[in-house]
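Asker: Take each chain as given, in its own frame, and dock them per the hints.
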Amino acid sequence: MSQGFLAVNDNNQVLISSDTRNLHFIQKLTGPRNTTLSISDPDAGILVSVNVNGGIRRWRYTATCSVTPVPFFTMPTNDQYGILRIQDKGSNRWDIEIFRSGTSNTVPELYIFADARASSSVETHGMLVLRDDGTPSFDSRLRPLTVNSAVTVTHPDNPRTVSDTGAAGFAKFCTMVEADLGYLFQSSNYNFYSINVVGAYPQKPIFSFLSIAQSNRQFTASADESVKSYNFGIEYETRHDYWWSYYWQFYRGVIKNPVTATGLHTVSTDTLLTLPGQPYFEINISSPYFYNKGANGVWEQRATPSGDDGLWFYGLPWDIYFTNTEGTAAVPYNVMLLSTNGYITFNYYNNSTGVYRDLDAGSFEYLGLETASTLAGARIMIYAGDNSTYNWYAETTGTAPNRVYRIRYTGYAQPSGWFDRATVAPNLIWEMQFPENKTSEINVLFPSTINVRAGAVLGVGTSHGWQYIAQEPSAGTITPKNLIIKKGRAVADYQASAALHVGWATHTYGCNNQFYSTAGGGFFGGFFGGSTSSTVGGVWPYSNETLNLANNTVIVSDGSKYD
Amino acid sequence: MATTYGLEVYSASSQLIYSSADVTWNQVDYFTVPALPAPQSVTNTYPVIIGREVLVLQLLVDTPPTDRRALAHTISKETVTTGSVTVSGGSENALILVLMR
Chain X
1 MSQGFLAVND NNQVLISSDT RNLHFIQKLT GPRNTTLSIS DPDAGILVSV
51 NVNGGIRRWR YTATCSVTPV PFFTMPTNDQ YGILRIQDKG SNRWDIEIFR
101 SGTSNTVPEL YIFADARASS SVETHGMLVL RDDGTPSFDS RLRPLTVNSA
151 VTVTHPDNPR TVSDTGAAGF AKFCTMVEAD LGYLFQSSNY NFYSINVVGA
201 YPQKPIFSFL SIAQSNRQFT ASADESVKSY NFGIEYETRH DYWWSYYWQF
251 YRGVIKNPVT ATGLHTVSTD TLLTLPGQPY FEINISSPYF YNKGANGVWE
301 QRATPSGDDG LWFYGLPWDI YFTNTEGTAA VPYNVMLLST NGYITFNYYN
351 NSTGVYRDLD AGSFEYLGLE TASTLAGARI MIYAGDNSTY NWYAETTGTA
401 PNRVYRIRYT GYAQPSGWFD RATVAPNLIW EMQFPENKTS EINVLFPSTI
451 NVRAGAVLGV GTSHGWQYIA QEPSAGTITP KNLIIKKGRA VADYQASAAL
501 HVGWATHTYG CNNQFYSTAG GGFFGGFFGG STSSTVGGVW PYSNETLNLA
551 NNTVIVSDGS KYD
Chain D
1001 MATTYGLEVY SASSQLIYSS ADVTWNQVDY FTVPALPAPQ SVTNTYPVII
1051 GREVLVLQLL VDTPPTDRRA LAHTISKETV TTGSVTVSGG SENALILVLM
1101 R
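Sequence lines, in order, name chains X and D.
For the first sequence, position 349 (counting from the first letter as 1) is numbered 349 according to our numbering, and the numbering increases by one without interruption.
For any residue, its number in our numbering is found by taking its place in the second sequence, counting from 1, and adding 1000.
Because the hints were derived from the structure by calculation, they are not lab data.
Heads up, the beta-carbon is just placed ideally off N, CA and C, and yes, glycines get one too.
Incorrect hints may appear among the rest.
[Stated by the list, open to error] So these bits of chain D aren't anywhere near chain X, every CB distance computed over 10 Å:
{"#": "1", "residue": "Asn1026"}
{"#": "2", "residue": "Ala1038"}
{"#": "3", "residue": "Ser1041"}
{"#": "4", "residue": "Gln1058"}
{"#": "5", "residue": "Thr1079"}
{"#": "6", "residue": "Val1080"}
{"#": "7", "residue": "Thr1081"}
[Stated by the list, open to error] Not everything, but these chain X residues come out facing chain D in the computed CB check (under 8 Å):
{"#": "8", "residue": "Leu128"}
{"#": "9", "residue": "Val355"}
{"#": "10", "residue": "Asp358"}
{"#": "11", "residue": "Asn544"}
{"#": "12", "residue": "Thr553"}
So here's chain D without its partners, still in its complex pose (with noise of 0.2 Å):
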């Protein structure tokens, strides 16, 4: 590492795996939601996100449809006092990441 402390995990064989040098998006969450009209919503709440950077993820479980519109969810995040996560308003069903680092 380029620094004098910090954490470096190896291998039995002596490779580094893992230090303090590196960079991840850890997951907090991973939740299916179904449609969601309006003005239906999901909210998860998650304090260690609070005061983290945090990424949402949606994808759409299902075969986009061809005869109508679909709709991806709205998210939202509170990340400074309640650290939660919000999904409103998709027509579809979805697979939601929380991530942070």
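In isolation and in its complexed conformation, chain X is listed as follows (with noise of 0.2 Å):
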């Protein structure tokens, strides 16, 4: 250009230019339009809603935006998600309709972004960059769109994998359509993408994804039958029938961020604590420490070891929260149990009275902990085991209100009995942070490579409203991870993984049927009298048909940034 403005970011990539338009944060959509109305209703916010077949979902939500918008959305539910289309409603409304597979009714959020002519602030601090024609390219006060990574992805060719096989009863005037056929129809075929990005993986990862790519699949059903007269032992053929149906399920292409033991998130190891040194060599067995960092910055031994099955007490430098369902009543926590088998419970202390509001807090459980079925209180155990605790430590970094509640584990994964301490260095590390100014989430990271046993479970207990939360890895080795497990939601909301499966999801299916019947003849040779019939039939060719195999690109950028 020869006058304007050029940002550049260190990979010589256009950051802002007064020749093209920065996508800026417009509004954010928690639900659909109105869930209550029928689906004939122009204003209907579920559009489909059946479970057979592997189950649909399709909503409708709505934007208000002056311009074209582009839309982002979350994947809360282990299932595939698609923008199936925009609809461009007048008046600045964008009805904008997202399908999914599976039966799940949990909704996802939709990030609406949109070039800056749509929105504006009365903000007096920024950095504003115009148009030739003195519309706005770029405005910091509109938060503009940062993007994590971008994967241009293509469908498979054919939405199943296995070769299927029909049953009878099929055949007569599409009978079993609304039969769940998900073991003929439901999609088995994805390919698989990395999501690479620079720096550390989105906190909340949102998906842009239009989706284009279609395919169908459909068998036939036939079957005929013979009505037969008897008439002086002759048997005559009255009349002879003939049914086709034909099964059909059409597919758009989707993409899901799967939930798996090994695809979690990439963490560095400098945002977990400084260890003090190694003291925890020396302690002897059964004798490991608590550790708070304090006000001096020294790190010191809060508590005198507490041997077999114990624990320590220590109050949270502010209450924590936890709901059932976000939005809904919650119950606060400001104590936390540090058990020497390797798991945390929490309690609520009342200073007035001086009682424990919950009687199922405890670390003395240490039988069958992998199973995480002994105990019934708020916990979270990342990996339990009898005395497999090496060290605690805890302390509170940052300035409030931006203060982040800090607590590391070290201890040994795979527990044979007690293990001796001077010779066996701990091969689990883990640290949960909870922060202050965001007290719907508590970080959990793993520094390094870290082994687990299988049927080992990273969960959160169940009582007041706490969600169970269980992840079953294989066993060996997963790599590093950082998991967000957000309170009260399954924690497969934010086990987004950097893998991405792109695949086929069911946009909608049915059934045509045909019908004839001709008049009987020939006749047969027989004895008895009556009529009798004989049915044929139960060929099931199947085809895949690709209509549409068009690459489409996944846009990721993080959702946290814009809550």
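Answerer: Listed below in structure tokens is the structure:
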């Protein structure tokens, strides 16, 4: 350009240009338009909700925007999502239809971005770049979009990887069309992509994916039946009936951010606590310690080693809250109980009465911990095992109201009886962080490759509104990860991995049928009177037709920047 | 920022809003195309995309039909000399979003 403004990033990619328009955050939509209206209503929020054939959910969200919006969505369940269409309804109303596989009624959140003409700010500080026509190109006050990754994807050419076989009884008049034919039609095929990001993986990944790929599968069920009569010992065919039913299912391209044991966030080790030397190597068996970083920045041993099945009580620097569903009544916790058996339970101590609220909180349990079944209280069990703790560490960093309370565990992942602390190094380290300014989250970070055992459970307890959260990784080694547990919501919400499955989801399904009958002909020998019939058929030719495999690109951003 | 030069934009509350360590994709155009049976096509020229990485996304506007094929448009781009984006061949109304960085 000969004049104007151009800013590029460290990789010489355009960041701001007065010849283009940055996308800016416009609004967040937490749910569909109106979920109480019937599907036929033009304002209905729920457009499809069926539980057969793998499940279909299709919702209408409404954005208010003066220019064409660019929607991003969360994937709060382990299902497959895509933006189906965007419709300009006039008067700045844009209806955005998103569809998803699966039967959960949990809805995604939509983050709407558009160019800066669609919004304004009264903020007096910031940076504004105008185009040569005087319209805004970039406005720092409007939270411009930053992108973490963009992946161009292609769908597999067949929604299913298996060879299907049919069953009898489908041929007559599409009688099975409303049955659950998931075993014949549910998509099972996908292409795998990695989401490569610069720096940390998004805390709350949001995706823009416009679904355009389409595929179709169908099968034909046929049968015929001969209706016969007997007369004077001679069998006549009086009629011959023929049926065909053509079952079909349309798919659209979708993406999934799978929840896997190996697909959690990567985190660099420098975000973890700095450990104070290695005093624990010298600690005798069954004598772990709890260290607290004091106000002077010096690590202090907080308590006498509590020994076997012991615990430390530790008051939280601020109350933490957990809710079963966001927005419902929250239950505060102000005490943490750190166990020598590798897990944490929570309780609430009433300073006025001197009474603990939860009788089921405690850290004495030592049997069956790997199943997370023996404790009823609110808890976090990254990996629990009898006498598995080396040490606990705790500190508060930052300045109010943006402090972070951090608890770090060091221990042994595969105890076989008690271990000799003098000779065995801890092989499991994890850290839990409570952000003061984001009480809806717990961050759990693993610093390095860790060992897990089959059946090991990452769980949060069930009482007091805690939703049970569990992950059962396979035995072996898992890679560094940063799990963000959102209180009261399935951990799957935020077990977002850097993996992307690009596959298919049912968009709609149905069946067409044919029937005709011919007059009987011929005769059959026989000696018995009356009528009989025979059924022939059940030929099941499956076919798959890919209507459209057009590429599209998945853009990944971080929704937490816009919450 | 990691380097000693670049751009940082802060809010009034001193929160870092944008910096030259960020990555984004900027909107060059966002337009609608109708069904374009061959040999019809639409070509738009954007000199600003010359020498840049370009993404062209499309979204079908209407409810997908179930009684016929719904073909997405074929999209081609030229970013070396003319800076053009060509859309052709689709059977549906579509939104075309041109991004660059």
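Asker: Against chain D, run the beta carbon of asparagine 544/X and see if the smallest gap drops under 8 Å.
Answerer: violated, 14 Å
Asker: Determine whether the non-interface label on threonine 1079/D survives the test: each CB of chain X must be over 10 Å from its CB.
Answerer: The claim stands: threonine 1079/D keeps its Cβ more than 10 Å from every Cβ of chain X (closest is about 13 Å).
Asker: Does the closest beta carbon of chain D sit nearer than 8 Å to the beta carbon of valine 355/X?
Answerer: violated, 41 Å
Asker: Would the hint on aspartate 358/X stand, with a C-beta cut-off of 8 Å toward chain D?
Answerer: The hint is violated - aspartate 358/X has no Cβ within 8 Å of chain D, the shortest such distance being about 38 Å.
Asker: Take a quick look at serine 1041/D and tell me if its Cβ sits farther than 10 Å from every Cβ on chain X, holds or violated.
Answerer: Given that every Cβ of chain X is farther than 10 Å from that of serine 1041/D, nearest at about 15 Å, it holds.
Asker: Any Cβ of chain X at or closer than 10 Å to asparagine 1026/D, or is the non-interface label fine?
Answerer: violated, 4 Å
Asker: Can the hint on leucine 128/X be confirmed by a CB-to-CB distance to chain D that is less than 8 Å?
Answerer: This interface hint is violated because 10 Å lies over the 8 Å limit.
Asker: Quick one: work out the minimum CB distance from threonine 1081/D to chain X and report holds if it exceeds 10 Å, violated otherwise.
Answerer: Given a closest Cβ separation of 17 Å, the condition holds.
Asker: Once the shortest beta carbon distance from threonine 553/X to chain D is found, is it less than 8 Å?
Answerer: Holds - the Cβ of threonine 553/X comes within 8 Å of chain D, reaching about 5 Å at its closest.
Asker: According to the definition I'm using, a residue is off the interface if its beta carbon is farther than 10 Å from all beta carbons of the partner; does alanine 1038/D meet that for chain X?
Answerer: holds, 15 Å
Asker: Would glutamine 1058/D pass as off the interface with chain X, using Cβ distances and a cut of 10 Å?
Answerer: violated, 6 Å
Asker: Would valine 1080/D pass as off the interface with chain X, using Cβ distances and a cut of 10 Å?
Answerer: Fine: 17 Å to the nearest Cβ keeps valine 1080/D off the interface.
Violation of the numbered hints given earlier is confined to hints 1, 4, 8, 9, 10 and 11; the remaining hints are satisfied by the structure.
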